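Q: Chain order of the listed sequences is A and B.
For the first sequence, our numbering begins at 65 and goes up steadily by one.
For the second sequence, our numbering begins at 65 and goes up steadily by one.
Hint data in this document are derived by calculation from the structure and do not stem from the laboratory.
Computed from a prediction, not measured in an experiment: that's the story for all the values here.
For each residue, glycine too, the CB sits at the ideal point set by N, CA and C.
Be aware that a few hints might be false.
Said to hold, decoys possible - Chain B side only, calculated, beta carbon under 10 Å to chain A, not exhaustive:
| hint | residue |
| --- | --- |
| 1 | Asp142 |
| 2 | Leu147 |
| 3 | Ala271 |
| 4 | Ala298 |
| 5 | Ile301 |
| 6 | Leu328 |
| 7 | Thr333 |
| 8 | Ala352 |
What the hints assert, rightly or not - Listed next, the stretches of chain A that the computed footprint assigns to chain B, with coverage defined by at least 3 CB atoms under 8 Å from CB atoms of chain B:
| hint | segment |
| --- | --- |
| 9 | 143–154 |
| 10 | 159–165 |
| 11 | 263–275 |
| 12 | 295–303 |
| 13 | 324–336 |
Number of protein chains: 2
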Amino acid sequence: MTLVSRVLGGKAEEIGAAATTVASIRRTAADLGYVPNATARILRGVSSRTLGVVVYDFEDPFLGALIGALQRLAHREDHTLVLTGFEQRREDPDALRPLAKHGISGLIIVGSGGRENWLEAFLARGLPVARIGTSPGATHATVAVDSARGIAALLRHLSSRGIRRVGFIADALPAHRERRRVFEEQAAALGFGSRPEWGVTRSESGAAAGLQATRELLGRGGERPQALLAAGDAIAIGVLRALQESGLAVPEAMAVTGFDDLPLAEALTPALTTIRQPVAELARTAFAWVAGAGPARAGTAPQVLLPGELVVRESA
Amino acid sequence: MTLVSRVLGGKAEEIGAAATTVASIRRTAADLGYVPNATARILRGVSSRTLGVVVYDFEDPFLGALIGALQRLAHREDHTLVLTGFEQRREDPDALRPLAKHGISGLIIVGSGGRENWLEAFLARGLPVARIGTSPGATHATVAVDSARGIAALLRHLSSRGIRRVGFIADALPAHRERRRVFEEQAAALGFGSRPEWGVTRSESGAAAGLQATRELLGRGGERPQALLAAGDAIAIGVLRALQESGLAVPEAMAVTGFDDLPLAEALTPALTTIRQPVAELARTAFAWVAGAGPARAGTAPQVLLPGELVVRESA
Numbered sequence: 065m066t067l068v069s070r071v072l073g074g075k076a077e078e079i080g081a082a083a084t085t086v087a088s089i090r091r092t093a094a095d096l097g098y099v100p101n102a103t104a105r106i107l108r109g110v111s112s113r114t115l116g117v118v119v120y121d122f123e124d125p126f127l128g129a130l131i132g133a134l135q136r137l138a139h140r141e142d143h144t145l146v147l148t149g150f151e152q153r154r155e156d157p158d159a160l161r162p163l164a165k166h167g168i169s170g171l172i173i174v175g176s177g178g179r180e181n182w183l184e185a186f187l188a189r190g191l192p193v194a195r196i197g198t199s200p201g202a203t204h205a206t207v208a209v210d211s212a213r214g215i216a217a218l219l220r221h222l223s224s225r226g227i228r229r230v231g232f233i234a235d236a237l238p239a240h241r242e243r244r245r246v247f248e249e250q251a252a253a254l255g256f257g258s259r260p261e262w263g264v265t266r267s268e269s270g271a272a273a274g275l276q277a278t279r280e281l282l283g284r285g286g287e288r289p290q291a292l293l294a295a296g297d298a299i300a301i302g303v304l305r306a307l308q309e310s311g312l313a314v315p316e317a318m319a320v321t322g323f324d325d326l327p328l329a330e331a332l333t334p335a336l337t338t339i340r341q342p343v344a345e346l347a348r349t350a351f352a353w354v355a356g357a358g359p360a361r362a363g364t365a366p367q368v369l370l371p372g373e374l375v376v377r378e379s380a
Numbered sequence: 065m066t067l068v069s070r071v072l073g074g075k076a077e078e079i080g081a082a083a084t085t086v087a088s089i090r091r092t093a094a095d096l097g098y099v100p101n102a103t104a105r106i107l108r109g110v111s112s113r114t115l116g117v118v119v120y121d122f123e124d125p126f127l128g129a130l131i132g133a134l135q136r137l138a139h140r141e142d143h144t145l146v147l148t149g150f151e152q153r154r155e156d157p158d159a160l161r162p163l164a165k166h167g168i169s170g171l172i173i174v175g176s177g178g179r180e181n182w183l184e185a186f187l188a189r190g191l192p193v194a195r196i197g198t199s200p201g202a203t204h205a206t207v208a209v210d211s212a213r214g215i216a217a218l219l220r221h222l223s224s225r226g227i228r229r230v231g232f233i234a235d236a237l238p239a240h241r242e243r244r245r246v247f248e249e250q251a252a253a254l255g256f257g258s259r260p261e262w263g264v265t266r267s268e269s270g271a272a273a274g275l276q277a278t279r280e281l282l283g284r285g286g287e288r289p290q291a292l293l294a295a296g297d298a299i300a301i302g303v304l305r306a307l308q309e310s311g312l313a314v315p316e317a318m319a320v321t322g323f324d325d326l327p328l329a330e331a332l333t334p335a336l337t338t339i340r341q342p343v344a345e346l347a348r349t350a351f352a353w354v355a356g357a358g359p360a361r362a363g364t365a366p367q368v369l370l371p372g373e374l375v376v377r378e379s380a
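Generate coordinates for the entire structure from the input sequences, incorporating the hints supplied.
A: Structure representation (structure tokens):
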């Protein structure tokens, strides 16, 4: 087997070819119009260098950034992405047919999830699988932002501003339910006062959930928390809106924090104090696991949490 | 060729098989674990029922909704999506290799664009191509929201509120530059007063562009417009922020409008008056063209504009 065919067959790494040589061979092949057809490669028993991407939620405000990051990595490493996803987060095995059709060499799941039955067939085949997000009791590799560490950082920050009474606003996404659970644990551990009625989870999504939940909380009367933690930045937009309707100044009468650091967080009025998701690193970790010889391929199932960064702005 | 093999080969429509029969055959095949392998189909000369999706901008706030809508259609019509995209909107032919590798049967481009050289090879092969977005002088099918009609609706609405002096805030996206051009035309046609210095385009993207552009406009002093039209909702968030910094009440001292109707537009303070993008219909039109026997396949290149809906809220 020649060096050129090894490189074009995606086996350059096995013979330790220099990166510049590999790049030069690929460029020449491209100039000649040569494309390593996925079908021909599968028939030769060579890895298809094709990653399936299963999206749990197309309304995730991070989806574009994550898929963009994965696409950049795939492009750089000469892999391609076949996209599929579930309707309204329902794990429908039928949605997975594209992955069989294109003979994928690895699977990246984008989004936290629940039932994992649909994954068993992939894991049984020894296919490398990595999830960006969490899944209770996952037997596959997962990488996600460390919610507990992020919430603790927000609570310590609020505490440094003299805040002791805190509430939590969420929608029904699995990742947000998990953040609410973590909030309750952390608030108790750090000695904060938090009443059950200061935690509100709504079934709407994003800003609509934040708006309705905060209206509900304020409408009940009685003692109010001094700060509301929103499970995500999109939710925080609705929280800010509800507080403005009630004439409560932020952060003076009520501090507000988000989670995610979406591009718009900085431009909100007031600008949002939040936890920055390590988007590039999440994508890099999952990609390396399924495209390389990482732990996902070795059959282990690491559950990795990456720290998010506290970004302090005006809202708290 | 049996009915079953025709159905599984994606040729049911040619023999006019009943939809229920087709569904039943597909269900049986799925229960038996049969997957029509894309490779085998290509070797038999059968359409791969695989659509390439080329994304111009992974930071487009609409990307998730559009890709989600395309994925739902693909799933329903038994097609699969292979995803690729450009880095920072640069049309790099190298990014298109996945499309050759997977033997696509059609191409959907997501995003407005400029240079089209990279497309020639696809069009020359007679491959159906459709773009969601516009492209100057496109020789392929395009479908987009009708910016001129949307901007005219916003201007008529502002006029009905007694507003005569209007400005425009944009970032450097091709679609937004086009909206600014259309704004200048429409504002003149409808007899609005608009000065060149009331139109500001910034190279930042989204909210950051809105924030910097509005600061720039207000910082110049002199007579101010009564309303600022933002080229997109994300930009409007930055416009609102800059006005709030300057102590200008919205809409009393300055009305603000967006374009897109992102999910968060309703929850902003004040809630945003904007034009709703017909997301589902954009996806449906492009998908039908490339997956069906529509105009894209027939070699014509329709340029279709769909109306957006004026949504009046508090900001104007």
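Q: Compare the structure with the hints numbered earlier in the document and write down the numbers of the violated ones, lowest to highest.
A: 8
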